[in-house]
Structure formats: structure tokens, C-alpha cells
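Protein chains: 2
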Amino acid sequence: MPRPALIADPELDLSLERVVDVPRSLVWAAWTQPEHLVKWFCPLPWTTTDCQIDLQPGGMFRTTMQGPQGPAFTNTGCFLQVVDRELLAWTGALAPGFRPLASEAATALPFTMTAFIALADAPGGTRYTALVRHGDASARQAHEQMGFHVGWGKALDQLVEHARAGDFGAPA
Amino acid sequence: MPRPALIADPELDLSLERVVDVPRSLVWAAWTQPEHLVKWFCPLPWTTTDCQIDLQPGGMFRTTMQGPQGPAFTNTGCFLQVVDRELLAWTGALAPGFRPLASEAATALPFTMTAFIALADAPGGTRYTALVRHGDASARQAHEQMGFHVGWGKALDQLVEHARAGDFGAPA
Chain A
1 MPRPALIADP
11 ELDLSLERVV
21 DVPRSLVWAA
31 WTQPEHLVKW
41 FCPLPWTTTD
51 CQIDLQPGGM
61 FRTTMQGPQG
71 PAFTNTGCFL
81 QVVDRELLAW
91 TGALAPGFRP
101 LASEAATALP
111 FTMTAFIALA
121 DAPGGTRYTA
131 LVRHGDASAR
141 QAHEQMGFHV
151 GWGKALDQLV
161 EHARAGDFGA
171 PA
Chain B
1 MPRPALIADP
11 ELDLSLERVV
21 DVPRSLVWAA
31 WTQPEHLVKW
41 FCPLPWTTTD
51 CQIDLQPGGM
61 FRTTMQGPQG
71 PAFTNTGCFL
81 QVVDRELLAW
91 TGALAPGFRP
101 LASEAATALP
111 FTMTAFIALA
121 DAPGGTRYTA
131 LVRHGDASAR
141 QAHEQMGFHV
151 GWGKALDQLV
161 EHARAGDFGA
171 PA
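If you read the sequences in order, they're chains A and B. Start counting the first sequence at 1; every next residue gets the next number (our numbering). Start counting the second sequence at 1; every next residue gets the next number (our numbering).
These are computed hints drawn from the structure, not numbers from a lab. Everything numeric in this text was worked out from a predicted model, so none of it was measured. We put the CB at the ideal spot given by N, CA and C, even for glycine. Among the hints, a few may not be true.
Listed next, the stretches of chain B that the computed footprint assigns to chain A, with coverage defined by at least 3 CB atoms under 8 Å from CB atoms of chain A [claimed, not checked]:
{"no.": "1", "stretch": "23 to 32"}
{"no.": "2", "stretch": "106 to 113"}
Cβ pair distances, simulated, as ranges [stated by the list, open to error]:
{"no.": "3", "chain 1": "B", "residue 1": "47", "chain 2": "A", "residue 2": "122", "range": "48 to 54 Å"}
{"no.": "4", "chain 1": "B", "residue 1": "141", "chain 2": "A", "residue 2": "108", "range": "19 to 25 Å"}
{"no.": "5", "chain 1": "B", "residue 1": "70", "chain 2": "A", "residue 2": "142", "range": "47 to 53 Å"}
{"no.": "6", "chain 1": "B", "residue 1": "18", "chain 2": "A", "residue 2": "161", "range": "52 to 58 Å"}
{"no.": "7", "chain 1": "A", "residue 1": "11", "chain 2": "B", "residue 2": "74", "range": "34 to 40 Å"}
{"no.": "8", "chain 1": "A", "residue 1": "151", "chain 2": "B", "residue 2": "45", "range": "52 to 58 Å"}
{"no.": "9", "chain 1": "A", "residue 1": "109", "chain 2": "B", "residue 2": "45", "range": "38 to 44 Å"}
{"no.": "10", "chain 1": "B", "residue 1": "34", "chain 2": "A", "residue 2": "5", "range": "18 to 24 Å"}
{"no.": "11", "chain 1": "A", "residue 1": "161", "chain 2": "B", "residue 2": "72", "range": "28 to 34 Å"}
{"no.": "12", "chain 1": "A", "residue 1": "124", "chain 2": "B", "residue 2": "35", "range": "35 to 41 Å"}
{"no.": "13", "chain 1": "A", "residue 1": "109", "chain 2": "B", "residue 2": "76", "range": "18 to 24 Å"}
{"no.": "14", "chain 1": "B", "residue 1": "76", "chain 2": "A", "residue 2": "142", "range": "38 to 44 Å"}
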């Protein structure tokens with residue numbers, strides 16, 4: 001499948017790149033299997049209380065996040081690209097089936113994003129690249145101020161811990 | 001590539017299905033090559049004055065439509081699925097590179113849509129199915145009232161005429 005280049009626009013995008021000491025197959029499993037995703041996806045003390053994944057372009061990606069106090073937040077998005085162990089892309093700007101958001105849902109969101117997780121073999125494990133695209137600079141800024149870098153970094157730490165704990169069984 | 005089922009939701013979607021007396025390869029060329037698309041895409045007396053196509057998921061689909069009077073309208077969307085001679089899907093809810101729309105651009109649109117064109121061999125030519133998904137019933141209604149059925153039907157008539165005129169050269 002041809003793929004658009006994952007080049008970050010500094011005005012509009014946020015990104016995170018790191019080499020993690022986890023095989024590519026386990027990083028992929030952590031992102032694509034709900035029973036694993038719920039273990040690491042939200043930086044503590046937030047937790048992921050529900051996850052639904054229909055792993056195909058147009059398929060549903062839904063997560064529910066719960067803070068120590070207050071209401072839960074459910075995000076329902078749509079996968080755009082699924083390339084086994086290489087690339088996962090989804091957006092919050094489309095509902096499952098590539099359907100546009102209902103006007104009411106769209107205006108209720110602080111911003112929408114499209115995220116790409118790219119994986120590649122690297123000495124010492126897996127090169128992990130997250131790229132998040134926003135529609136305008138103010139959406140990027142809002143996401144950065146919500147703590148993108150700390151949040152996505154901490155979630156990745158949790159993913160690594162979960163993988164090291166050996167809860168995956170044999171590598172796929 | 002796995003594909004979501006193209007089933008119309010009568011509350012939210014608009015669709016058009018017809019068998020046309022044109023080979024699948026020519027219908028595909030008419031939809032995916034700008035020099036052909038501009039010949040039929042807008043129902044007369046509207047014309048298509050510009051078209052840019054980057055035929056891959058995430059690639060740009062931009063058209064400019066010009067009425068007999070008044071300003072031109074440019075729509076810039078993004079391809080979602082490209083399956084040679086079978087399925088073309090794109091959305092106006094994402095900019096190229098799967099980027100969410102800028103907030104200003106999103107609020108300026110009367111509605112957004114995701115469209116699917118599915119082609120299959122049929123006795124007498126090609127079964128042509130267009131399915132257009134909207135975010136809510138009011139977007140569907142606005143699109144229907146703009147003349148979806150007449151407009152998309154007339155554009156398809158123009159596509160058939162263009163193909164019959166033999167301007168494509170040899171079938172691909």
C-alpha cells in the first residue's frame with residue numbers, strides 16, 4: 001500500500017521518536033489488541049477502562065479514559081491505514097466507516113487529530129515514531145498544552161513495562 | 001485490502017446505482033485522471049475548471065467547480081481507499097495527508113461527506129454504485145436538497161457520453 005510521507009510540520013504537528021527495547025511484534029500487539037492496550041494507553045493515574053478495535057481501514061478505534069476523579073471520556077475514531085507491524089494510522093475526524101462526524105460531536109471536541117505510529121527494526125529493539133497531525137496551529141498548541149510530550153512519553157514507558165512483564169505470551 | 005461494507009444508512013446516506021454501458025477500465029480512468037474528470041464531473045451548465053489527483057490513500061483530491069455566474073468553488077479532500085478499477089473512496093473531512101481540517105475551513109463548509117465509488121462487471125457493462133456518507137441527518141438532507149440525485153445522475157450521464165465519444169484512447 002502506498003503511504004504518504006510521515007514528515008512533521010512544526011507549525012501543525014507533534015511527534016515523538018524513541019528506540020525501545022521491545023520487539024516490533026510486541027509493540028504492534030500492544031497497540032492493536034484491546035486486552036493489551038488497556039494496560040498502558042493512558043498515563044497513570046488515568047486508566048483505560050474500555051477499548052474496541054476493528055483493525056482495518058475504516059474500522060472502529062474506540063477508547064474510554066478514566067481519571068482518578070470526574071467523568072470518563074470516550075474517543076471514537078476510525079483506522080485509516082493498517083500495515084502489519086509497520087504502520088498504524090487513525091483519526092478522530094472520522095467515525096467508523098469513514099463517516100464524517102456529526103456536527104454536534106465535531107463541535108464538542110476541543111480539537112481533532114490524526115495519528116500515525118510507525119515501527120521499524122533498530123539496533124537494540126524498535127524505532128518507535130509517533131506523528132500527530134492537527135488542522136491548525138491552535139489545535140496543535142491545545143494538544144501540546146494538554147501535555148502531549150509527557151503523556152505520550154509516559155504511555156510509551158508503560159507499554160515497555162507491560163511488554164517486559166511478559167504478559168504477551170510468545171511473540172506473534 | 002479489507003473494506004468496510006458499503007451499506008447505505010437511509011437516515012444518513014445518499015446513493016446511486018446504475019449499470020452503465022462502459023467498460024470498468026474507462027469508468028475508472030474517468031474518475032482518476034484529471035484530464036478526463038474535468039470533462040464530465042460537474043453537471044452542465046457548471047464546469048470543472050481544475051482537478052488535482054494524487055491517487056493513493058492520503059493523497060489529494062481537489063476539484064474546482066464554476067457556475068455560469070458567480071464565484072468558483074474549490075473542494076480539497078483526501079483519498080481514503082484506492083483499489084484499481086474496483087473502489088475509490090475519499091472524504092472532504094480530511095485534508096491531504098489525512099490531516100484534520102483547519103477549524104476555519106471546517107466551519108465554512110455547509111457539510112462534509114465521504115464518498116465511495118464501487119465498480120463491478122455486469123451484463124451490459126459496469127455496475128456503478130455511488131455511496132455518500134454524511135455525519136448527521138441534516139447534512140444528508142442539505143445534500144439531497146442541493147440536488148444530489150439529479151446532479152450525480154447527470155454527471156454520470158456525462159461520464160458515459162465522454163467514454164462513448166472515444167476520447168480515452170485504447171482501454172487500459
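Unmet hints by their number, sorted upward, for this structure | 1, 5, 7, 11, 12, 14
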